[in-house]
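All chains should be modelled from the sequences, with the hints used to inform the complete structure.
Read top to bottom, the protein sequences are chains A and B.
The first sequence begins at 1 in my numbering and counts up by one.
The second sequence begins at 1 in my numbering and counts up by one.
A hint or two may mislead.
Stated by the list, open to error - Far from chain B, by Cβ distances over 12 Å, these chain A residues were calculated:
| id | residue |
| --- | --- |
| 1 | R109 |
| 2 | E120 |
| 3 | P137 |
What the hints assert, rightly or not - Okay, the calculated beta carbon distance ranges per label pair:
| id | chain 1 | residue 1 | chain 2 | residue 2 | range |
| --- | --- | --- | --- | --- | --- |
| 4 | A | Q53 | B | D347 | 50 to 60 Å |
| 5 | B | R152 | A | V81 | 18 to 28 Å |
| 6 | B | E146 | A | G122 | 43 to 53 Å |
| 7 | B | D123 | A | A48 | 14 to 24 Å |
| 8 | B | R152 | A | P139 | 28 to 38 Å |
Just so you know, these hints were derived from the structure itself, not from any lab.
Built from N, CA and C at the ideal position, the CB exists for glycine as well.
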Amino acid sequence: MSNANIASQAYVPFRPGLFRFEEGTGELLGGRCRSCGAWYFPSRPVCAKCLSQEIEILPLSKQGTVYTYTVIYQSTPEFQVPYILAYVDLPEGVRVLAQLTQCPLEGVRIGMPVEVVFEEVGRDQEGRTVVGYRFRPAPP
Amino acid sequence: MEDVYVIGVGMTKFGKHPDRMAVDLGAEAVLEAIRDADIDPRRIEAAYCGHVYGGMVTGQKVLAQVGLAGIPLANVENACSSGATAIREGYLAIRAREYDVVLAFGLEHLTTRFRGALTPGEDDLEAAVGLTMPGIYAMRARRHMEEFGTTREELALISVKNKRNASLNPYAQFQKPVTLEEVLNSRLIADPLRLYDCSPVSDGAAAVILASGWAVAKLSARRAVRIAAAALRTGTVEVGPVSMTFEELTHRTAQDAYERAGIGPEDVDFAEVHDCFSIAEVLRVEGLGLYPVGEYPKRVARGEAEINGRLPINPSGGLLGKGHPLGATGVAQVVELARQLRGEAGDRQIQRAKVGLAHCRGGKASGIEGAACTVIIMTR
Numbered sequence: 001m002s003n004a005n006i007a008s009q010a011y012v013p014f015r016p017g018l019f020r021f022e023e024g025t026g027e028l029l030g031g032r033c034r035s036c037g038a039w040y041f042p043s044r045p046v047c048a049k050c051l052s053q054e055i056e057i058l059p060l061s062k063q064g065t066v067y068t069y070t071v072i073y074q075s076t077p078e079f080q081v082p083y084i085l086a087y088v089d090l091p092e093g094v095r096v097l098a099q100l101t102q103c104p105l106e107g108v109r110i111g112m113p114v115e116v117v118f119e120e121v122g123r124d125q126e127g128r129t130v131v132g133y134r135f136r137p138a139p140p
Numbered sequence: 001m002e003d004v005y006v007i008g009v010g011m012t013k014f015g016k017h018p019d020r021m022a023v024d025l026g027a028e029a030v031l032e033a034i035r036d037a038d039i040d041p042r043r044i045e046a047a048y049c050g051h052v053y054g055g056m057v058t059g060q061k062v063l064a065q066v067g068l069a070g071i072p073l074a075n076v077e078n079a080c081s082s083g084a085t086a087i088r089e090g091y092l093a094i095r096a097r098e099y100d101v102v103l104a105f106g107l108e109h110l111t112t113r114f115r116g117a118l119t120p121g122e123d124d125l126e127a128a129v130g131l132t133m134p135g136i137y138a139m140r141a142r143r144h145m146e147e148f149g150t151t152r153e154e155l156a157l158i159s160v161k162n163k164r165n166a167s168l169n170p171y172a173q174f175q176k177p178v179t180l181e182e183v184l185n186s187r188l189i190a191d192p193l194r195l196y197d198c199s200p201v202s203d204g205a206a207a208v209i210l211a212s213g214w215a216v217a218k219l220s221a222r223r224a225v226r227i228a229a230a231a232l233r234t235g236t237v238e239v240g241p242v243s244m245t246f247e248e249l250t251h252r253t254a255q256d257a258y259e260r261a262g263i264g265p266e267d268v269d270f271a272e273v274h275d276c277f278s279i280a281e282v283l284r285v286e287g288l289g290l291y292p293v294g295e296y297p298k299r300v301a302r303g304e305a306e307i308n309g310r311l312p313i314n315p316s317g318g319l320l321g322k323g324h325p326l327g328a329t330g331v332a333q334v335v336e337l338a339r340q341l342r343g344e345a346g347d348r349q350i351q352r353a354k355v356g357l358a359h360c361r362g363g364k365a366s367g368i369e370g371a372a373c374t375v376i377i378m379t380r
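The following block contains the structure:
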């Protein structure tokens, strides 16, 4: 195995197939129905609207707006509270749930523009960095 | 098709039962329902058991305790709609003339299974990024406040109402009313929802005996109340950004139930709805068409949903006041409907109640609004 391969394996996505990530940049991956144009995140094998199984995987917009949000004060042990959760609407017509980062707890508003970022969300059992997606406030 | 009646009901007190196991609670509820029906238990031909975290063959263990081992039984899991789904299975079997007398029950010992916030389940994507059940309802509350001008105090008044109703119900977990200030000063769980906006972690069981019209006549079960409809639907995949303040799933399930019962929401005299959170009662009642969309919190503040109000909601105390042992919850709603319709609800009796509705919703998974929804309509 080459050194380059080992380096790229130092990062693992927290779930497979949801995004493409390289250090410093990345994009969420959605599914678009080739038949009716409906978008999904995550992608799914069958279009819920027209039942077509022709779904293509495409990158989603990096920017969206906050549809609604909460600050979680009580959660399961793997999460450190408090943290902000938001449903973010992307221009493709997809709603993504994610944590907000780089944002004060009282700094969120419905309709606020946000952009996706990829961050370390933990370490796996082999000590590798686990990467996940979050959103942060963006200029309008 | 055969008409179906509830001829016996029973439940344990809901609450924390550290010294008792789920099976013991189930047995207590079933025995009470058999006593209440005043029938020979050997008349029961089949059973359905709803539970979520009970583990393998929980229903069979209860049957063995109460002397009913041997009859057909199916364990049913539909998250918080498990118990209501069990009732519907029994209802359908009688409708199809397979059986004349069926036992449906639900149970849960949640205090030994869970502490703190429930989540949609470990393998769910949204749970993996940090979603909790209070979190999803907090976000829906935020939208309701934004879209309809609902206030924090109005939501708190729902908890105040339901805990006051619970204080009139000897089977309820909360036996003391709370004040508006106590709700508003309880600790934050998921902003804007606070501890007293959330249903508690509860243990408990509930049971009903269902019977065909033929069996009701033969047994001369004079206190029988009829099930006019039992509808079940699952949540559809959300294509595109949909409203989080109008419950399409609740609405769709209710339409089916109203149609089957041959009534409309205007004919309903009172309802038990799935108020797992204060905001949840708003979403249910508006989705069911019992109150106009966006207006329910203001109507609660005016007293319309009180036991002596225009259209009482959750006279039993609901999940907020009575408690929420998942698998037992939907069965306990039907227990309350039966007691109200028979005029046996004691201090919380609704006057002239002829049509009652029970609504349950269970589960959440990424991409679907809700997993399972049931609406049961009962008439005197």
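Which numbered hints fail: 1, 6
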